[in-house]
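Enquirer: Each protein sequence line maps, in turn, to chains A and B. Just so we're aligned: 12 in the numbering used here is position 12 of the first sequence, and the numbers increase by one with no gaps anywhere. Heads up, the numbering used here is the position in the second sequence plus 1000, with the first residue counted as 1.
Rather than coming from a laboratory, the hints here were simulated on the basis of the structure. Model, not experiment: these values are computed from the prediction. Heads up, the beta-carbon is just placed ideally off N, CA and C, and yes, glycines get one too. A hint or two may mislead.
Stated by the list, open to error - From chain B, some residues computed to sit far from chain A (all C-beta separations above 12 Å):
{"id": "1", "residue": "Val1122"}
{"id": "2", "residue": "Asp1152"}
{"id": "3", "residue": "Arg1263"}
To be verified - Stretch by stretch, here's where chain A covers chain B in the computed footprint (C-beta under 8 Å, at least three residues):
{"id": "4", "segment": "1141-1151"}
{"id": "5", "segment": "1236-1248"}
{"id": "6", "segment": "1280-1291"}
Protein chains: 2
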Amino acid sequence: MQGFRDSATVLSSGQPCDCLPPLRAAAEQLRQKDLRISQLQAELRRPPPAPAQPPEPEARPTIYVVTPTYARLVQKAELVRLSQTLSLVPRLHWLLVEDAEGPTPLVSGLLAASGLLFTHLVVLTPKAQRLREGEPGWVHPRGVEQRNKALDWLRGRGGAVGGEKDPPPPGTQGVVYFADDDNTYSRELFEEMRWTRGVSVWPVGLVGGLRFEGPQVQDGRVVGFHTAWEPNRPFPVDMAGFAVALPLLLAKPNAQFDSTAPRGHLESSLLSHLVDPKDLEPRAANCTRVLVWHTRTEKPKMKQEEQLQRQGRGSDPAVEV
Amino acid sequence: MQGFRDSATVLSSGQPCDCLPPLRAAAEQLRQKDLRISQLQAELRRPPPAPAQPPEPEARPTIYVVTPTYARLVQKAELVRLSQTLSLVPRLHWLLVEDAEGPTPLVSGLLAASGLLFTHLVVLTPKAQRLREGEPGWVHPRGVEQRNKALDWLRGRGGAVGGEKDPPPPGTQGVVYFADDDNTYSRELFEEMRWTRGVSVWPVGLVGGLRFEGPQVQDGRVVGFHTAWEPNRPFPVDMAGFAVALPLLLAKPNAQFDSTAPRGHLESSLLSHLVDPKDLEPRAANCTRVLVWHTRTEKPKMKQEEQLQRQGRGSDPAVEV
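Please model the complete structure; the sequences and the hints are all you need to start from.
Expert: As structure tokens, this is what we get:
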């Protein structure tokens, strides 16, 4: 607007004399400059360019970490410890599957506070398959129904009770890893498995009564397994010792864990659907580095708690532990 | 320059007539607009403002985490798990103290790979104070010499074998926390302790035979302790349940742990030098939140390892576990 008023002023001195052309020229120049001014002002209003992004992180496959969990005294401690380890890994999606009748406040709250991309699933282990007090773990392997529930979700059969409800869209590049909540994981392990094409394997520390169990590798191929127990199992590997490419799992819709598999054969019950042992992909420097440990946390003694509770002085039940 | 040429053109049509004033006015307006244009162009050349920084992070006190450790099957697993948790905490300095004759390759390598700011210390527990196989932990509390070694280093008595060798310069704002390598720590705990003025306290989960032990707080002050065992100890708190301001520790050069303290009195042997129980600073929502758990890791069984070793087929000793 400024411009037009200015040029109007200039032309207002309108008696007949030959200075009209230069005045018209001046008015036109004023219009031009007003136009330039408004262009420059518009440029100044333009927001600054966004900062440079890291080179397309979307290109990296997502790691789907499947963790079965059940209520016990150390559950929160274990899940806090694991969730903090997972928070160090980019492009990770945590599938936490409770062995319960419904989602518990402890797990729901922990997931919400974790800052992780997660999906919350729940399935109760059938009574017949549940361990009785004092029964050794191998009588009924734990977490079978829960791991299969996560496979169902990945295959689009739904059932999420919290977090990300939609399964990965068709064609998603990803890898699936079964990470129990009591093992110890080096953050390095996850980058070893990220680019798995079929099934990748590595050693596991402190398992099977050995310092470590793991594949034996020659010329970059798996030629055997270091294990003390039933070396002739189709896949003598621990649950923490392998990862499976998501496209392979989706291409074999019947591949899942068999709760009736004999002791030590649970991993084989899934893997025999998916890969030939000779095609396993060795990771962790040809299986010479231990990046995951089969640690076990002691069950805390609650003798004093029971004594105090009998005296009505037990630990405040309102405090979550 | 543009401006002056324009105005010159306008004034060039110079025959005597009263349109000179408006032409002068036009020339002046053109000068004004040229000025404005050059101002706007200068603004556009100005570099964009730097992105906002977090409010001077140097102002935050440093957290000195003191961790005694000793060689055992689960040592590396425990230290990997702890170091990954500590890597989530800004402004943290890890003082890792080995109970050994000298620095071990396992610990030195782990520290170097941790990415943490650390100081590596070593002191061997005297034979007389060492636990014999099968002796319960309370006969000789573990880690006493190692924690005192860290206090010596903080007080400028040197002795570092790796990492940062210089102690904090006088006047450093900091807090000291004694974090054993087998407990479980929420990352939230460290922000609770960071601004400790004297000695801060909070509950510890799964300790002393209880769901949790911890201070009882009324009107923001510690008025007692929830514990089943010797509630009348001067400070019935677990090693994981308190932190001490660095300036306070430096002001009391004789404050340290007493290896001859009776069972359960080790924490008191340090704290009695430093603070009156009524002046303890309650943290973690007035001691109503559990952010650290006294977890214990099972000692792995090595029966199969021994069998295989007798057959010369033991786990490759070149593989670090």
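Enquirer: With reference to the structure, classify each hint as holding or not holding.
Expert: A quick look at each hint next to the structure:
Interface exclusion of valine 1122(B) from chain A stands, the closest Cβ pair being 24 Å apart, more than 12 Å. For aspartate 1152(B), the shortest C-beta to C-beta distance to chain A comes to about 31 Å, beyond the 12 Å cut-off, and the non-interface label holds. Every Cβ of chain A is farther than 12 Å from the Cβ of arginine 1263(B); the closest lies at roughly 15 Å, confirming the non-interface assignment. Counting residues of the segment 1141-1151 of chain B whose beta carbon lies closer than 8 Å to any beta carbon of chain A gives 0, which falls short of the minimum of three for the stated coverage.
Only when three residues or more bring their CB closer than 8 Å to a CB of chain A does the claim for the segment 1236-1248 of chain B stand; here the count is 0, and the claim is violated. For the segment 1280-1291 of chain B, the stated coverage by chain A is satisfied: 3 residues place a CB nearer than 8 Å to a CB of that chain, which reaches the threshold of 3.
When the structure is compared with the earlier hints, violations turn up for hints 4 and 5 and for no others.
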